[in-house]
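Peer 1: Chain by chain, the residues run as shown.
Protein chains: 2
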Amino acid sequence: MTLPASTVLVFLDPAFENGRVADSSQPQLMATDLGATRGDGVFESLLAVEGRARKVQAHLNRLESSARALDLNIPEQDVWRRAIDTAITEFRDAFPAPSPAEDEVVVKLLVTRGVEGASTPTCWIQASPSPAGSRRQRETGIDVVLLDRGFDTEAGDRAPWLLLGAKTLSYAVNMAALRYAHKQGADDAIFTSTDGRVLEGPTSTVLLAHVETVDDGAGSARTVKRLITPQLDSGILPGTSQDALFAKAKAAGWELGYGPLVPEDLFDADAVWLISSIRLIAPVNHVDGREIGTPAMRKQLTAELNELFAGIE
Amino acid sequence: MTLPASTVLVFLDPAFENGRVADSSQPQLMATDLGATRGDGVFESLLAVEGRARKVQAHLNRLESSARALDLNIPEQDVWRRAIDTAITEFRDAFPAPSPAEDEVVVKLLVTRGVEGASTPTCWIQASPSPAGSRRQRETGIDVVLLDRGFDTEAGDRAPWLLLGAKTLSYAVNMAALRYAHKQGADDAIFTSTDGRVLEGPTSTVLLAHVETVDDGAGSARTVKRLITPQLDSGILPGTSQDALFAKAKAAGWELGYGPLVPEDLFDADAVWLISSIRLIAPVNHVDGREIGTPAMRKQLTAELNELFAGIE
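These protein sequence lines map, in sequence, to chains A and B. Heads up: the first sequence runs through residues 0 to 312, numbered per numbering that gives the first Met the number 0. Heads up: the second sequence runs through residues 0 to 312, numbered per numbering that gives the first Met the number 0.
Hints are computed from structural coordinates only; laboratory data are not their basis. Don't take every hint at face value.
Since copy identity is lost for identical chains, a pair holds within one copy or between any two.
Said to hold, decoys possible - SDA-like, lysine to any residue: derived pairs with alpha carbons at most 25 Å apart: (1) 182 to 70; (2) 107 to 26; (3) 182 to 220; (4) 182 to 117; (5) 247 to 71; (6) 247 to 95; (7) 182 to 63; (8) 224 to 56; (9) 182 to 85; (10) 107 to 117; (11) 298 to 88; (12) 247 to 183; (13) 224 to 87; (14) 298 to 89.
Computed from a prediction, not measured in an experiment: that's the story for all the values here.
The task is simple: from the sequences and hints, build the whole structure.
Peer 2: Printed below as a string of structure tokens:
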């Protein structure tokens with residue numbers, strides 16, 4: 000058995016106020032846990048930068064919302080907060096970052112329906128290093144392919160048992176889509192609906208930007224920058240990073256828009272990004288082999304968004 | 000932590016020719032196993048009756064097919080067979096059945112992509128008692144509701160990354176559909192496609208029967224019995240029990256048919272069943288509150304199918 004490198008585990012346990020630290024080199028889950036046998040549970044991934052967990056409130060809110068969709072009762076947010084703090088502290092003590100710029104910790108919050116026959120969810124925090132590949136893709140950008148998600152944009156409203164707005168542990172399709180994209184020579188995928196809409200990435204939210212120069216009516220030109228994401232009621236996961244970035248962008252004078260978006264909107268954009276809590280803002284260089292905008296425009300707009308995003312707590 | 004009642008675990012392990020028996024009262028899975036964190040894996044459930052595992056070849060074939068859809072390399076069938084035998088023997092030694100009629104063991108075969116960062120699947124067998132509720136429903140029958148699966152019948156062919164023909168560990172939607180059905184006062188569900196076809200149950204295959212009396216052309220009447228199931232290329236899981244039963248039914252003079260089926264076909268049938276490897280043949284009394292056939296006809300046809308099914312190896 001290969002040991003996971005540099006992982007800290009903290010289980011939520013009523014007997015331990017700040018969470019129970021567990022040895023990550025040893026088995027810690029029952030083989031009959033319904034997370035392992037049915038993918039029956041929910042999760043969140045967030046990033047701690049220089050010891051500070053980002054967007055904790057948004058992630059805890061979404062975890063609660065996902066749990067509600069699955070009829071799971073989970074511990075209160077303060078319990079999660081204390082366990083998150085424990086995990087980050089333990090991780091940074093055990094594996095100090097060589098420099099502040101590299102001081103990133105991936106923090107996963109996991110909930111399963113618990114052991115078969117019991118009625119108590121299994122809840123834990125996993126802290127691990129941020130993947131080098133993700134950090135690289137923030138710089139180099141990524142190529143993506145469009146993949147059919149099989150659902151229409153009304154399915155989530157019509158059929159709540161499809162759990163479309165919940166971040167469940169049943170991620171086999173998301174992982175299969177990524178493997179399929181890699182086989183096509185791409186780095187990632189963007190899902191589309193059967194009614195032709197742009198949805199989301201398997202582990203990220205889609206953003207696009209348009210930059211226009213308009214006449215201000217008084218004889219001089221003004222630059223209008225617009226940031227657009229697919230509408231939330233199309234059966235996608237509400238993006239915590241997209242939401243936080245939109246707030247910052249609005250304050251900085253960007254116009255904001257919500258879909259519906261079709262693939263042609265991606266090809267027409269000045270820049271497209273996949274945004275998520277760990278890889279953060281990944282500029283999309285090509286969609287299905289077609290270049291998006293120009294390298295200079297992508298670079299400039301990505302730098303602007305990164306600056307806005309750096310201010311997020 | 001609640002201990003799972005009467006469970007035997009056998010891990011597939013190259014160091015143990017017949018599988019490695021593990022203590023089911025102790026954690027045996029790494030918390031970073033991608034089965035637990037991503038539902039990334041495949042499984043099978045089969046029944047051992049009086050110590051004899053049923054349809055082992057069909058289940059091992061389907062496990063291989065599911066694993067292939069997920070790009071998982073799994074051990075050879077003989078390795079699985081030996082571990083299955085170990086699990087059944089250990090279980091029956093530890094928990095002897097009070098009578099031959101109760102000598103049923105549920106045998107699950109589980110494969111995950113393994114621990115994060117490793118490249119070796121985690122494979123194990125879980126042996127446990129057959130649920131009393133399932134055995135009861137074979138007798139009493141079940142009420143079901145029709146639930147939209149969100150996909151059309153072409154989605155599986157068009158988008159292999161949706162894994163529609165694979166039995167993956169990502170079963171959160173199947174479990175949510177069952178919870179939804181229970182909240183409606185039903186026992187189970189039948190999924191329908193967005194193009195209006197009958198698909199399958201969350202954990203079972205749909206069967207229906209028509210019984211007709213026809214003139215044989217020579218002045219006397221002949222009874223024609225027809226057994227029908229949805230066509231396999233509609234993105235459903237190929238049912239090992241349906242397949243085995245069809246072979247027996249054909250030999251006994253039944254006519255066989257494959258869909259497309261629409262909900263009206265269920266309402267028009269003389270009997271409908273959900274068939275699966277553990278609960279076996281469960282007659283459907285009502286679909287969306289409408290009675291299927293008559294109690295006498297359901298009972299008679301169910302008895303006939305049970306007799307055919309008893310002969311399955």
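Peer 1: Given a CA cutoff of 25 Å, do residue 182 and residue 117 count as a within-copy pair, a between-copy pair, both, or neither?
Peer 2: between (41 Å within a copy, 20 Å between copies)
Peer 1: Between residue 182 and residue 70, at a C-alpha cutoff of 25 Å, which is it: within one copy, between copies, both, or neither?
Peer 2: Close across copies (11 Å), not inside one copy (37 Å); limit 25 Å.
Peer 1: Since the copies are identical, ignore which copy is meant and state whether residue 224 and residue 87 lie within 25 Å (CA to CA) inside a copy, between copies, both or neither.
Peer 2: For residue 224 and residue 87, neither the intra-copy (37 Å) nor the inter-copy (66 Å) Cα distance is at most 25 Å.
Peer 1: Between residue 298 and residue 89, at a C-alpha cutoff of 25 Å, which is it: within one copy, between copies, both, or neither?
Peer 2: neither (37 Å within a copy, 63 Å between copies)
Peer 1: If the cutoff is 25 Å on CA atoms, where do residue 247 and residue 183 land: within, between, both or neither? Let me know, please.
Peer 2: neither (35 Å within a copy, 44 Å between copies)
Peer 1: When Cα atoms must be at most 25 Å apart, do residue 247 and residue 71 count as within-copy, between-copy, both, or neither?
Peer 2: Classified as neither: same-chain Cα gap 33 Å, cross-chain 43 Å, threshold 25 Å.
Peer 1: Have a look at residue 247 and residue 95 and pick one of within, between, both or neither, based on CA distance no larger than 25 Å.
Peer 2: neither (31 Å within a copy, 65 Å between copies)
Peer 1: Give the relationship of residue 224 and residue 56 under a CA distance limit of 25 Å: within one copy only, between copies only, both, or neither.
Peer 2: Result: close neither inside a copy nor across copies, 29 Å intra and 61 Å inter.
Peer 1: Is it within, between, both or neither when you check residue 298 against residue 88 at 25 Å Cα-Cα?
Peer 2: neither (35 Å within a copy, 64 Å between copies)
Peer 1: How would you classify residue 107 and residue 117 at a CA-CA limit of 25 Å: within, between, both, or neither?
Peer 2: Both: 23 Å inside a chain and 19 Å across chains, each within 25 Å.
Peer 1: How do residue 182 and residue 63 come out at 25 Å by Cα distance, when the copy is not named: within, between, both, or neither?
Peer 2: Result: close only across copies, 21 Å inter versus 35 Å intra.
Peer 1: At 25 Å max between alpha carbons, let me know whether residue 182 reaches residue 85 within a copy, between copies, both or neither.
Peer 2: neither (39 Å within a copy, 39 Å between copies)
Of the hints listed earlier, those the structure fails to meet are numbers 3, 5, 6, 8, 9, 11, 12, 13 and 14, in rising order.
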